[in-house]
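From first to last, the protein sequence lines are chains F and D.
Each residue of the first sequence is one higher than the one before, starting from 1 at the first, in the numbering used here.
Each residue of the second sequence is one higher than the one before, starting from 1 at the first, in the numbering used here.
Derived from the structure by calculation, the hints contain no laboratory data.
Mixed in with the good hints there might be a few duds.
Covered by chain F, according to a simulated footprint, are these stretches of chain D (three or more residues, beta-carbon under 8 Å) [to be verified]:
1) 296-305
2) 408-417
Restraint ranges, calculated between C-beta atoms of paired labels, are given here [claimed, not checked]:
3) F:G28 with D:V419: 18 to 24 Å
4) D:A333 with F:N63: 46 to 52 Å
5) D:P48 with F:M1: 18 to 24 Å
6) F:N63 with D:G36: 44 to 50 Å
7) D:A415 with F:D29: 28 to 34 Å
8) D:E424 with F:D41: 31 to 37 Å
9) F:R48 with D:D289: 27 to 33 Å
10) F:G28 with D:Q384: 33 to 39 Å
11) D:R229 with F:R48: 30 to 36 Å
Where a beta carbon is used, it is the ideal one built from N, C-alpha and C, also for glycine.
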Amino acid sequence: MRLVVDLNRCQGYAQCAFLAPDVFVMHGDESLLYSPEVEEDRREDLARAVAACPVQAIVVDANFPDTNSGTDR
Amino acid sequence: MSVDGSLDRLKREGRIVVVGASLAGLRAAETLREKGFDGSLTMIGDEPYEPYDRPPLSKQVLLGRATADRTGLPRHRAIDARWRLGVPATGLDMAARRVRLADGDEVEYDRLLIATGIRARPWPQEDEAELDGVFVLRTRDDAEALERSLAQGPRRVLVIGAGFTGSEIASACRERGIAVTVAERADAPLVGALGGVVGRVAAELHRKHGVDLRCGVMVTGLEGDSAGRVRAAHFSDGNTIEADVVVVSLGAQRNTEWLAGSGLGAGPRGIACDAGCRAFDIRGIVTDDIYVAGDVARSPHPLFGYQFLSLEHWGNAVAQAETAAHNMLSDSADRRPHIWVPAFWSSQFGVNIKSVGVPSMGTEILIAQGSRSEHRFTGVYGYQDRVIGAVTFDQTKWLQFYQQLIETTAPFPPASPTVDRRPEGQQPMPADFPDPSVPTHGPTVTLSGYAPDDRRLTFTPARH
Chain F
1 MRLVVDLNRC QGYAQCAFLA PDVFVMHGDE SLLYSPEVEE DRREDLARAV AACPVQAIVV
61 DANFPDTNSG TDR
Chain D
1 MSVDGSLDRL KREGRIVVVG ASLAGLRAAE TLREKGFDGS LTMIGDEPYE PYDRPPLSKQ
61 VLLGRATADR TGLPRHRAID ARWRLGVPAT GLDMAARRVR LADGDEVEYD RLLIATGIRA
121 RPWPQEDEAE LDGVFVLRTR DDAEALERSL AQGPRRVLVI GAGFTGSEIA SACRERGIAV
181 TVAERADAPL VGALGGVVGR VAAELHRKHG VDLRCGVMVT GLEGDSAGRV RAAHFSDGNT
241 IEADVVVVSL GAQRNTEWLA GSGLGAGPRG IACDAGCRAF DIRGIVTDDI YVAGDVARSP
301 HPLFGYQFLS LEHWGNAVAQ AETAAHNMLS DSADRRPHIW VPAFWSSQFG VNIKSVGVPS
361 MGTEILIAQG SRSEHRFTGV YGYQDRVIGA VTFDQTKWLQ FYQQLIETTA PFPPASPTVD
421 RRPEGQQPMP ADFPDPSVPT HGPTVTLSGY APDDRRLTFT PARH
């Protein structure tokens with residue numbers, strides 16, 4: 001499962017780092033580091049972090065069946 | 001709905017081609033589907049990878065906390081596209097509405113979105129650039145190679161150029177305990193983007209964390225050993241530095257060469273477009289079917305004197321892609337302007353640096369909160385008696401307030417009293433940007449284009 005944090009929006013509230021500390025880590029007082037890809041079984045924890053973010057800065061893969069996995073070269 | 005139904009036809013059975021399969025291309029594709037585009041969608045990308053995120057490459061990846069192959073961008077929805085990855089576009093036939101690909105194929109379109117972005121500027125001496133141990137950092141492959149090399153514990157890394165990327169690389173090296181020298185042609189890091197007043201704070205950060213920062217020097221040559229591995233670099237001040245890893249961080253070039261001769265208004269500064277993301281042709285006439293978004297676009301911004309801005313900003317790529325996609329499927333009366341207020345972030349030496357507006361237009365700066373000596377402050381930039389930009393070092397929560405001042409062309413210095421104003425913040429001072437006629441490296445904002453009374457603002461970040 002892929003995720004991205006819009007760091008323009010992020011204001012360092014650190015709710016995500018509190019709820020999913022293995023995915024989100026504060027780096028200094030205000031900088032956030034995160035794992036851009038995590039295992040599918042973390043979806044629930046991530047959903048909690050997404051919901052808790054006061055500025056809604058976390059985007060996680062939509063849970064859709066990928067009908068287009070093949071890459072046409 | 002369009003009068004003659006052509007827009008409905010486009011949405012139902014049209015062909016849209018997106019050249020550039022990175023952040024802007026992906027977000028545009030998602031927006032097209034969201035707006036009800038049911039026709040065929042082709043995504044063309046020169047790299048063999050599906051869209052991935054670049055900001056982590058110089059941070060998480062170099063720190064060894066994430067691998068470069070796991071930075072794929074999350075999807076908001078299925079886009080049901082035909083992907084042509086690992087095949088660069090090589091030409092455009094505007095009359096026949098066709099994109100030529102490197103493998104000889106041609107793809108026809110009814111609407112084209114160009115989001116080919118930028119690439120790292122290579123070291124100018126080709127034989128030196130090819131030495132083992134010489135890197136640039138832009139792509140997933142670049143990050144993977146550089147990280148592998150850092151993991152082997154080099155004795156010293158030389159970073160050439162102290163813009164945002166160069167500074168982040170130096171920061172990652174220090175965090176891994178690797179000795180690092182940074183060579184910057186200007187008087188301080190980040191001066192192109194944030195000016196000398198803030199640049200001197202950045203220089204303190206480098207030195208406090210043990211970076212051997214050399215300003216006001218250029219690297220004149222790289223030297224390899226008999227096995228073709230880089231071993232040393234020569235500086236314009238006569239010094240020689242031994243380094244077994246060299247990272248060239250001299251800014252970026254826009255990927256527009258493939259459009260040469262197409263008739264599109266594309267050049268080294270990007271592709272000129274209107275505020276609705278429609279590309280101009282070389283005659284200065286706006287096209288109806290070709291749109292531009294992301295780092296490669298150059299569009300006029302009403303808030304900044306209609307200057308044409310090229311922004312190498314993550315948030316700009318997202319916002320401009322969404323606007324372009326919306327406009328591609330809209331009648332002229334329904335089109336939206338891209339008037340996103342520039343904003344970016346960087347994280348280095350444990351400090352969160354964020355900015356809104358266009359600081360590089362500023363002539364003065366006021367330290368409105370905090371203190372530079374604490375490396376925690378808010379700097380507000382003034383231009384012609386109005387607030388034009390702001391930067392924060394570990395004071396993110398102030399930024400929104402200043403963004404609103406920029407959006408409402410509030411007077412500079414800002415009248416409102418603020419908390420945490422220190423003696424040094426009572427008076428504005430010159431922001432100390434380098435003479436725009438002297439090229440420098442590393443700024444993330446390029447101001448150019450024309451406003452007859454503002455010609456001196458034309459700002460050349462690097463030689464093309």
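Okay, the hints, checked on the actual structure:
With 0 residues having a Cβ less than 8 Å from any Cβ of chain F, the region 296-305 of chain D misses the three-residue criterion, and the hint is violated. Coverage of the region 408-417 of chain D by chain F is violated in this model, with 0 residues showing a Cβ closer than 8 Å to a Cβ of that chain against a need of three. For G28 of chain F and V419 of chain D, the hinted distance range of 18 to 24 Å is satisfied, since their beta carbons lie about 22 Å from each other. Range check, A333 of chain D to N63 of chain F: Cβ separation about 37 Å, and the 46 to 52 Å hint is violated.
Range check, P48 of chain D to M1 of chain F: Cβ separation about 22 Å, and the 18 to 24 Å hint holds. For N63 of chain F paired with G36 of chain D, a C-beta distance near 22 Å fails the hint of 44 to 50 Å. For A415 of chain D and D29 of chain F, the Cβ-Cβ distance of about 29 Å falls inside the hinted range of 28 to 34 Å, so the restraint holds. The beta-carbon spacing between E424 of chain D and D41 of chain F, approximately 51 Å, falls outside the hinted interval of 31 to 37 Å.
Taking the beta carbon of each, R48 of chain F and D289 of chain D are about 45 Å apart, not inside 27 to 33 Å as hinted. One distance hint, 33 to 39 Å for the beta-carbon pair G28 of chain F and Q384 of chain D, holds here, with the actual separation near 35 Å. A beta carbon spacing of about 49 Å between R229 of chain D and R48 of chain F contradicts the range 30 to 36 Å that was offered as a hint.
Consistency with the previously given hints fails for numbers 1, 2, 4, 6, 8, 9 and 11, ordered from lowest to highest.
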